[in-house]
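Undergrad: Sequence:
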Amino acid sequence: LPSQPPTQKEKTISVDQPVPRSSESEGGCSSVVKNSLSPERSAELLEKTVSFYEKTFAETHEGRFYLELRGLTDAGMFTKHRIGYANGSLLRALPKKGKILEELEQLGVLVKMKDGNYIERFRYCVVFPIFDVEGNITTLYARNTDRSQKKHLYLPNRPTGLFNVGIIKTYPEIVLVESCIDALSLEMAGVNNAVSIQNTNGVSHRHLELFKENNVTKITILLDGDKPGQDAGFELLKRLSDHFRSEEHTS
1 LPSQPPTQKE KTISVDQPVP RSSESEGGCS SVVKNSLSPE RSAELLEKTV SFYEKTFAET
61 HEGRFYLELR GLTDAGMFTK HRIGYANGSL LRALPKKGKI LEELEQLGVL VKMKDGNYIE
121 RFRYCVVFPI FDVEGNITTL YARNTDRSQK KHLYLPNRPT GLFNVGIIKT YPEIVLVESC
181 IDALSLEMAG VNNAVSIQNT NGVSHRHLEL FKENNVTKIT ILLDGDKPGQ DAGFELLKRL
241 SDHFRSEEHT S
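Taking the numbering used here, the leading residue of the sequence shown gets 1, the next gets one more, and so forth.
Hints listed in this document are in silico derivations from the structure and should not be mistaken for laboratory results. Incorrect hints may have been included.
[What the hints assert, rightly or not] Cβ-Cβ distance ranges computed for the label pairs, FRET-style:
| # | residue 1 | residue 2 | range |
| --- | --- | --- | --- |
| 1 | Asn192 | Ala43 | 35 to 41 Å |
| 2 | Ala189 | Pro39 | 34 to 40 Å |
| 3 | Ser38 | Ala189 | 38 to 44 Å |
| 4 | Pro95 | His205 | 40 to 46 Å |
| 5 | His61 | Lys212 | 22 to 28 Å |
[Unchecked claim] Computed cross-link-like contacts, EDC-like style, restricted to lysine to aspartate or glutamate with a CA-CA straight-line distance of at most 16 Å:
| # | residue 1 | residue 2 |
| --- | --- | --- |
| 6 | Lys96 | Asp74 |
| 7 | Lys212 | Glu173 |
| 8 | Lys80 | Glu40 |
| 9 | Lys212 | Glu187 |
| 10 | Lys80 | Glu47 |
| 11 | Lys34 | Glu102 |
| 12 | Lys97 | Glu68 |
| 13 | Lys99 | Asp132 |
| 14 | Lys218 | Glu173 |
| 15 | Lys227 | Asp242 |
| 16 | Lys48 | Glu103 |
| 17 | Lys169 | Asp115 |
| 18 | Lys80 | Glu187 |
| 19 | Lys80 | Glu44 |
| 20 | Lys169 | Glu209 |
| 21 | Lys34 | Asp115 |
| 22 | Lys99 | Glu187 |
| 23 | Lys34 | Glu103 |
| 24 | Lys169 | Glu213 |
| 25 | Lys80 | Glu54 |
| 26 | Lys114 | Asp132 |
Glycine residues also receive a C-beta, built at the ideal position from the N, C-alpha and C atoms.
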């Protein structure tokens, strides 16, 4: 059985009535090159990468096994979120040399080693596409299935984004959790309005504006009960309160 996470603490803020203030990288290889890809080409390559990893997840068992150990067993949910798995087959499917390798290196999907060979940044990882509110892929987050390697991986030089943020167009009440796994665990339990902030500092000022623009009226903060989670929860609660209070004063 999977080990249980630290007890989570819940904090709730009503956006309509601000609450009082509280008193309270990259893993693997470090090769990062300048990205000169156009936004359109980046978006195209992200889509193709996600499609490839999505197909690999469906055709192999490693990614599903990793998630099933964490209580995530809904195949429909995997399809809905376009979850993928990287096992090295993407690199094997590419030509041995050429522009596409350089482009995927610039995107961050491939990493060039000192000997000139490439490896996949997310090799042996479950890969989660991160979409914006409009459903565009903005980046990738990966959870390593190899416990000897760094657990959390991201594309370099990109904001980590919010997993499942598109639900703010549908739900006026949302739950903020730390990880994609947390959000999916809540979805398995029937809570479909969970948004993962990706890390304890994952909510930007723009995200706060998006919550307001999409008429989010209530936000529940459900972060890990360890000290970093509690500290982040209090800080996020303060930022939410300050932001929506200032919005009310200027409206």
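Undergrad: May I ask which of the numbered hints given earlier this structure violates, with the numbers listed in increasing order?
TA: 1, 5, 6, 8, 9, 12, 13, 15, 17, 19, 21, 22, 26
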